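Asks: So the chains spell out like this:
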Amino acid sequence: MIKKRIAVYIGYIALLTLLFFIPLITSEPYVFHILCLIGINIIFACSLNTILNIGELNLGHAAFMGIGAYASVLLVMRLSFCFWSALPIAMIASAIISLPIGFLTLRFRGAYFLLFTFLFAELVRMLLSNFWIGLFGGIPGLTNIPRPSINITGLLNINFSSNIHFYYLILILVVFTVLIMHRIDLSRLGMVFKAISQSESLAESIGISSMKFKILGCAIGCFFAGMAGSLYAHFVGIITPTDFSIHAVLAPIAYVVVGGMGNVFGPVIGTCFLMIVSHFFLRQFGLYELLMYGVIIVIIIRFMPEGLISLPRIVSFLLSKPPKRGED
Amino acid sequence: MELSLLLQGGLNGVMLGLNYALIALGLSLIFGIMGIVNFAHGEMYMLGGYVTYYLFGLFGLNYFATLIAAVIMVGFLGVLLEKIIFRPLTTRPKEALTSLIAAVGLAWVFQMLAVICFGDLDKDVPSVFKGIINMGGVVITAERLAAIIIGIGLVVVLNIFLLRTKVGKAIRAVAQDKEAAALQGVHVSRISALSFGIGCGLAAAAGALMAPIFVINPFLGGEVILKAFLVVILGGMGSIPGAMLGGLVLGFIESFGCLFFNVPTVSVLTFTLIIIILIVRPQGLLGHD
Numbered sequence: 001m002i003k004k005r006i007a008v009y010i011g012y013i014a015l016l017t018l019l020f021f022i023p024l025i026t027s028e029p030y031v032f033h034i035l036c037l038i039g040i041n042i043i044f045a046c047s048l049n050t051i052l053n054i055g056e057l058n059l060g061h062a063a064f065m066g067i068g069a070y071a072s073v074l075l076v077m078r079l080s081f082c083f084w085s086a087l088p089i090a091m092i093a094s095a096i097i098s099l100p101i102g103f104l105t106l107r108f109r110g111a112y113f114l115l116f117t118f119l120f121a122e123l124v125r126m127l128l129s130n131f132w133i134g135l136f137g138g139i140p141g142l143t144n145i146p147r148p149s150i151n152i153t154g155l156l157n158i159n160f161s162s163n164i165h166f167y168y169l170i171l172i173l174v175v176f177t178v179l180i181m182h183r184i185d186l187s188r189l190g191m192v193f194k195a196i197s198q199s200e201s202l203a204e205s206i207g208i209s210s211m212k213f214k215i216l217g218c219a220i221g222c223f224f225a226g227m228a229g230s231l232y233a234h235f236v237g238i239i240t241p242t243d244f245s246i247h248a249v250l251a252p253i254a255y256v257v258v259g260g261m262g263n264v265f266g267p268v269i270g271t272c273f274l275m276i277v278s279h280f281f282l283r284q285f286g287l288y289e290l291l292m293y294g295v296i297i298v299i300i301i302r303f304m305p306e307g308l309i310s311l312p313r314i315v316s317f318l319l320s321k322p323p324k325r326g327e328d
Numbered sequence: 001m002e003l004s005l006l007l008q009g010g011l012n013g014v015m016l017g018l019n020y021a022l023i024a025l026g027l028s029l030i031f032g033i034m035g036i037v038n039f040a041h042g043e044m045y046m047l048g049g050y051v052t053y054y055l056f057g058l059f060g061l062n063y064f065a066t067l068i069a070a071v072i073m074v075g076f077l078g079v080l081l082e083k084i085i086f087r088p089l090t091t092r093p094k095e096a097l098t099s100l101i102a103a104v105g106l107a108w109v110f111q112m113l114a115v116i117c118f119g120d121l122d123k124d125v126p127s128v129f130k131g132i133i134n135m136g137g138v139v140i141t142a143e144r145l146a147a148i149i150i151g152i153g154l155v156v157v158l159n160i161f162l163l164r165t166k167v168g169k170a171i172r173a174v175a176q177d178k179e180a181a182a183l184q185g186v187h188v189s190r191i192s193a194l195s196f197g198i199g200c201g202l203a204a205a206a207g208a209l210m211a212p213i214f215v216i217n218p219f220l221g222g223e224v225i226l227k228a229f230l231v232v233i234l235g236g237m238g239s240i241p242g243a244m245l246g247g248l249v250l251g252f253i254e255s256f257g258c259l260f261f262n263v264p265t266v267s268v269l270t271f272t273l274i275i276i277i278l279i280v281r282p283q284g285l286l287g288h289d
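Top line first, the protein sequences correspond to chains G and B.
Per the numbering used here, residue 1 is the first one in the first sequence, and the count goes up by one each step.
Per the numbering used here, residue 1 is the first one in the second sequence, and the count goes up by one each step.
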């Protein structure tokens with residue numbers, strides 16, 4: 001048991017070292033552009049997974065990413081905050097806005113929750129694109145968003161305008177997010193979430209206030225969605241309301257499901273797999289890219305419902321010999 | 001505000017509403033029977049439009065024959081999808097979620113197949129019924145009037161089918177309680193496949209009705225599914241009368257709203273109105289929970 005644990009930790013450290021030293025292998029800006037996008041999507045997929053953990057699918061999750069992005073950008077550009085204070089404020093804003101929304105929508109289950117959050121996402125998109133254009137920039141959105149930088153005179157001067165520097169920032173935040181998600185998953189809180197997702201009435205019968213915990217789970221998810229939004233805005237440099245429409249949440253849902261729902265590492269694996277396949281292999285197929293993407297999703301859902309994370313188990317099950325009679 | 005303008009708005013509202021109702025009826029039927037939110041439903045509408053474009057527009061088949069062909073072809077596609085993809089998913093845990101995502105994947109597949117096969121440009125279907133009808137100041141083109149009449153006809157036929165025939169009764173029985181229906185000798189999986197087919201066929205009928213009035217392109221489904229969702233939420237998931245009422249309400253809101261306000265305001269007002277309705281009545285106007 002302990003040996004296995006040590007092996008797992010060594011595996012993590014090896015993976016992190018590899019990710020840390022990628023700039024030594026290649027310095028192609030495109031590669032780092034994609035790696036940064038993968039990182040942002042991992043954070044977003046993890047946050048989506050938190051809400052899936054309480055048994056609901058949030059179709060309006062991209063709207064919370066949008067709230068984070070707009071909050072952070074407006075703080076930096078209109079009120080001249082620095083990025084490092086705008087990021088946490090954007091995350092908190094996203095979480096706070098999720099509280100009343102969660103209070104209203106989490107009373108519904110299943111398809112109703114889904115459709116209600118979908119309505120919310122459309123409402124946010126329409127408000128952002130058609131109202132207070134002076135503030136939100138309307139449909140063209142906000143442009144010329146500055147990249148963050150650290151400037152402590154005489155001590156540190158890092159400018160994140162190069163993709164490689166931004167990659168390290170995102171790497172740290174992805175590890176931070178995954179660690180927190182892992183910690184929550186193992187904690188009592190994670191157990192409560194699982195209990196609620198399996199049977200809400202049973203969970204309530206042993207004294208869990210399911211509404212309270214569902215709102216909390218939703219807020220945690222939206223907190224990290226805000227982080228993903230803020231990072232996305234400052235990485236890409238331009239945000240428009242359509243970036244955060246209902247269509248923006250469909251691909252991340254696919255990442256989570258393809259990787260494996262409910263597991264902390266599922267979204268990470270799913271995002272890496274689908275984004276790497278799409279950006280490095282399918283891109284050359286032009287129009288056929290999205291087609292293959294759809295086909296991959298349908299096939300994985302149809303034949304591997306627990307996602308890629310169940311692949312080792314399936315393989316070992318197929319390789320193992322059937323037990324002899326009378327052995328068990 | 002003149003009376004004729006109001007009547008004009010009302011007629012346009014009825015046309016839009018019937019269109020939305022036809023799409024939402026199928027969505028609601030599928031949800032009621034299988035508990036699946038079919039995200040690929042808008043693509044069925046789009047395919048209905050393309051069948052019309054090719055059979056009627058290019059090959060010059062009779063319009064009504066085209067309409068029936070569109071319903072049958074897309075309906076058959078729906079039955080296939082149910083058998084191959086959705087039915088096996090219903091036996092698994094978290095079926096609502098996995099089938100939703102499978103439907104999203106399918107929507108992409110159909111959209112891209114349409115781009116590859118039909119091209120991504122707007123296509124214009126020639127109008128079927130030419131001429132303009134003037135009823136005391138209220139002007140309507142003949143094809144819009146025809147769309148209203150055929151739409152009403154389809155809704156009436158569907159209702160008679162669901163309420164009076166044996167198969168229709170079996171569909172409603174399965175929607176109410178699967179096990180009890182199976183105990184009465186209803187072949188549940190066959191009924192599910194049939195209702196999936198009927199649902200998709202209705203969307204195709206709406207597409208075939210609207211194709212001569214508007215233009216068609218591969219991305220039509222995305223906008224249509226949004227409207228259908230609104231209608232279904234408004235009317236109540238799985239409720240057939242609810243889908244019809246919801247469709248008409250949405251059609252009237254859009255058509256009258258545009259007379260008084262600008263388009264973005266109307267959209268925001270629609271959403272706010274629907275959210276308020278849902279807070280007061282979470283199961284939708286005619287839904288029961």
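Hints listed in this document are in silico derivations from the structure and should not be mistaken for laboratory results.
Please read all numbers here as calculations on a predicted model, not as lab measurements.
Any given hint could be a false lead.
As the list claims (entries may be wrong) - Under the rule of at most 27 Å between Cα atoms (straight-line distance), these lysine-lysine pairs were calculated in the DSS-like manner:
(1) B:178 with B:83
(2) G:212 with G:4
(3) G:194 with B:169
(4) B:169 with B:83
(5) B:94 with B:83
(6) G:212 with B:169
Asks: Could you run down the list of hints and mark each one as holding or not?
Replies: Evaluated hints:
Note on residue 178 of chain B and residue 83 of chain B: the hinted pairing holds, with a Cα-Cα distance of about 17 Å set against a maximum of 27 Å. Of the pairs offered as hints, the one joining residue 212 of chain G and residue 4 of chain G is violated, with about 37 Å between alpha carbons and a cut-off of 27 Å exceeded. Between residue 194 of chain G and residue 169 of chain B, the direct Cα distance comes to roughly 39 Å. Violation of the 27 Å bound is thereby established for this hinted pair. Under the criterion of a C-alpha separation no larger than 27 Å, the hint pairing residue 169 of chain B with residue 83 of chain B is consistent with the structure, at around 22 Å.
For the hint pairing residue 94 of chain B with residue 83 of chain B, the CA-to-CA distance comes to about 19 Å; that is within 27 Å, so the pair holds. Our distance criterion of 27 Å between C-alpha atoms is broken by residue 212 of chain G and residue 169 of chain B, whose separation comes to about 42 Å.
Checked against the numbered hints above, the structure breaks hints 2, 3 and 6 and satisfies the rest.
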